[in-house]
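There are 2 protein chains.
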Amino acid sequence: MDTRPIGVFDSGVGGLTVVKQIMKVMPHENIVYFGDTARVPYGTKSKEAVTKYSKQNVRFLLSKEVKAIIVACNTASSNSLDALRETFDVPIFGVVVPGVEEALRSTKNKKIGVIGTPGTVRSGAYERMICEQDSEMQVFTKACPLFVPLAEEGWTDNEVSRQAAKRYLEELVATGIDSLVLGCTHYPLLKRCIGQTVGEAIKLVDPAKATARRVMAFLKEHDLLNESEGVGEKQFYLSDSTDTFRFVCQKALKHPYEPEIIDIEMY
Amino acid sequence: MDTRPIGVFDSGVGGLTVVKQIMKVMPHENIVYFGDTARVPYGTKSKEAVTKYSKQNVRFLLSKEVKAIIVACNTASSNSLDALRETFDVPIFGVVVPGVEEALRSTKNKKIGVIGTPGTVRSGAYERMICEQDSEMQVFTKACPLFVPLAEEGWTDNEVSRQAAKRYLEELVATGIDSLVLGCTHYPLLKRCIGQTVGEAIKLVDPAKATARRVMAFLKEHDLLNESEGVGEKQFYLSDSTDTFRFVCQKALKHPYEPEIIDIEMY
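Chains S and G, in that order, give the protein sequences.
Sequential numbering of the first sequence, starting at 1, is according to this note's numbering.
Sequential numbering of the second sequence, starting at 1, is according to this note's numbering.
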C-alpha cells in the first residue's frame, strides 16, 4: 500500500477527461495534475519541443513525490514516452498502448481509424503499435488540428464543428473502418458531433478508460494502491491561468477545483 | 544613416504579413524576424505569460544588434508594450497605435469594429486608444479565437471559415460599424472570407501598413534609415520548426526563406 499521489500531465486542460476516468476506477488515489497551459498546444509542435516540455513536466511532478506518472496527452505519449522512460526512474504510462488494445477489442473487420493532432499522426505510433499486435490490421489516420480549438471555444456541436468534422472525417468513413480511436484528450468533448458525422456503425474508442484500468492493474500488481478510506485528495497545477480550466473542469469532473499557477521553465 | 537591422517579433508566423509591409516601404532595410512558434498562440494566454515571453523575444533580438523593434503581434502589443518600453533601451513599436490611426481615418460614422484574439480584446487597448483620440467614437469588439487556427490550417475561405466568420461577425455587423480593424496578424490571410461576410459597406483596416509607415517616419526623423544600395538582408528565426512557416512565407513574401531554430528560453 502506497499513499503517494499519481501524477498526470497534459499539454493543457484536455487531460481532465483522463483524471475523470482515474477517479472512477480508483477513487481513493491522491492525484496531482499538471496542465502546461503556458505552452499549449503540443499537437502542432515538433517532437523535440514536445519532448523537452514533457521532461520539465515530469520533473515538476516528481517534486510532488508521485509514485507513477500518466502522460494524458496523446502527442506527448506518441512522441516522447521512450525518452521519458530512459530519463526518469518512475513508472510512466502513456495513453497510446491502452487505446490500441481497446481498438483491437472493438474492431470486427480489422479496419481501424485514428484521429489526432498533427504531432500524434506524424509520429505513426498508433499504426505501428496496432500492426505489431496484429499484422492483418488496416489503420487509417487523419490529423484534425481544428478540433482542439473548437473544443476550447466550447463549439462542441454547432454548424462550425459539424462542417469541420465532415471535412476531416468524410474520407475516413469511406475507407470502411468500423472503429475510430479518439487519439487526443480533447476529442471526447466533441464525441456527439463526431459520432453523428461518422454514423452509428462506427464505434468510438476513448483511450482514457483503458488507461485508467491499465494503471490500476499495475499498481495492484506492485502493491502500490492507496487503500486509505475516503476520497483521495486532488491538486491541480497549470503553467498559465486560463478560463478554459474552469469550463472543462466543471464539464469533466463536476467540481470547481481551484488550480495553482507555477513557472514550469524552472523545472 | 544606420545599417543595423530592424527587429520584428511575433507569436508565430502571422507577423510575416508585417514584414511584407516593411519590405514594401523600406526595401533597403535589413530585417531580423523572430517567431515564437514553440509557444504560439499568445492570444489565449494571460498578460503575465505574454509579457514574459515578449521580454525574452526582445532580449533575443537585441543580441542581433537591432536598431528598433516592431512588436508585430497584436496580443503582445496590447498587453506588454509598456512593460517592454520600461525594461529596454531601444525604440519599440506596436501595431495598435498605427491601427487606431488608420481606423480613425477610415470611419465616417464614428462606429468602429475591432476583431482580435481573446488577449487583445480583454486588454481593451484598441477601445482605450480610439476613445482617447476622439471621445465621440463608438467601438465594438469581438474575440475570434478560431481565426488563427483556421488560417494556420490553410482553411482561409471554405465552408468552415465562412460559418465561423458568420457566427463571430453577425452581431458586429448589426451594430452599424463602417470600419473593421483586423486586430491580429493572421487575419489578413482570411481577408476575403471576412470581407464577404461583413459586406462591401464595411472597410477592412489592416494595421500592418500603417505600422510600416510609422516606423519609416521615425527612422527618417532620427537619421536611422539604411540608405545602402540594393535589397536588405532578411534573417528568420523560430523557436520551433513548423510547416506553417513555409506556407505563410511563400504566401506573404513570395520567397522560400529558410528559418533557423533557436532556444528562446535561453534569453
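FYI, nobody ran anything at the bench for these hints, they're computed from the structure.
Bear in mind the structure is a predicted one, so any value in this text is a computation, not a measurement.
Among the hints, a few may not be true.
Heads up, simulated DSSO-like pairs for lysine-lysine below, C-alpha to C-alpha not over 27 Å straight-line [said to hold, decoys possible]:
#: 1; chain 1: G; residue 1: K251; chain 2: S; residue 2: K47
#: 2; chain 1: G; residue 1: K52; chain 2: G; residue 2: K166
#: 3; chain 1: S; residue 1: K55; chain 2: G; residue 2: K166
#: 4; chain 1: S; residue 1: K209; chain 2: S; residue 2: K64
#: 5; chain 1: G; residue 1: K47; chain 2: S; residue 2: K52
#: 6; chain 1: G; residue 1: K55; chain 2: S; residue 2: K52
#: 7; chain 1: G; residue 1: K166; chain 2: S; residue 2: K47
#: 8; chain 1: G; residue 1: K251; chain 2: S; residue 2: K251
#: 9; chain 1: S; residue 1: K47; chain 2: G; residue 2: K55
#: 10; chain 1: G; residue 1: K166; chain 2: S; residue 2: K166
#: 11; chain 1: G; residue 1: K52; chain 2: S; residue 2: K251
#: 12; chain 1: G; residue 1: K55; chain 2: S; residue 2: K55
#: 13; chain 1: S; residue 1: K142; chain 2: S; residue 2: K234
#: 14; chain 1: S; residue 1: K52; chain 2: G; residue 2: K64
#: 15; chain 1: G; residue 1: K47; chain 2: S; residue 2: K142
#: 16; chain 1: G; residue 1: K191; chain 2: S; residue 2: K166
#: 17; chain 1: G; residue 1: K142; chain 2: S; residue 2: K52
#: 18; chain 1: S; residue 1: K55; chain 2: G; residue 2: K142
#: 19; chain 1: S; residue 1: K191; chain 2: G; residue 2: K55
#: 20; chain 1: G; residue 1: K166; chain 2: S; residue 2: K64
Against the structure, the hints:
With a C-alpha separation of about 26 Å, the suggested pairing of K251(G) with K47(S) holds against the 27 Å cut-off. Distance hint between K52(G) and K166(G) is unfulfilled; the C-alpha atoms sit about 35 Å from each other, more than 27 Å. Distance check on the hinted pair: K55(S) and K166(G) sit about 42 Å apart at the alpha-carbon level, beyond 27 Å; violated. Using a Cα cut-off of 27 Å, the hinted pair K209(S) and K64(S) holds, with the two alpha carbons roughly 25 Å apart.
For the proposed pair K47(G) and K52(S), the alpha carbon gap of about 24 Å is at most 27 Å, so the pair holds. Of the pairs offered as hints, the one joining K55(G) and K52(S) holds, with about 21 Å between alpha carbons and a cut-off of 27 Å not exceeded. Distance hint between K166(G) and K47(S) is unfulfilled; the C-alpha atoms sit about 36 Å from each other, more than 27 Å. For a cut-off of 27 Å, the pair hint linking K251(G) to K251(S) is broken: about 40 Å separates their Cα positions.
For the proposed pair K47(S) and K55(G), the alpha carbon gap of about 26 Å is at most 27 Å, so the pair holds. Restraint check for K166(G) and K166(S): satisfied, since their Cα atoms lie roughly 18 Å apart, inside the 27 Å limit. Between K52(G) and K251(S) the CA atoms are separated by roughly 31 Å; this puts the pair beyond 27 Å, and the hint is violated. Of the pairs offered as hints, the one joining K55(G) and K55(S) holds, with about 24 Å between alpha carbons and a cut-off of 27 Å not exceeded.
In summary, the hint linking K142(S) to K234(S) is not supported, as the alpha carbons are separated by about 35 Å, beyond the 27 Å threshold. Between K52(S) and K64(G) the alpha-carbon distance is near 25 Å, which keeps this suggested pair within the 27 Å criterion. With a C-alpha separation of about 34 Å, the suggested pair K47(G) and K142(S) falls outside the 27 Å cut-off, and the hint is violated. Between K191(G) and K166(S) the CA atoms are separated by roughly 24 Å; this keeps the pair inside 27 Å, and the hint holds.
For the proposed pair K142(G) and K52(S), the alpha carbon gap of about 35 Å is over 27 Å, so the pair is violated. With a CA separation close to 37 Å, the supplied pair K55(S) and K142(G) exceeds the 27 Å bound. Distance hint between K191(S) and K55(G) is unfulfilled; the C-alpha atoms sit about 40 Å from each other, more than 27 Å. Proximity of K166(G) to K64(S) is assessed by CA-CA distance (about 47 Å); at most 27 Å being required, the pair is judged violated.
Consistency note: the structure conflicts with the earlier hints numbered 2, 3, 7, 8, 11, 13, 15, 17, 18, 19 and 20.
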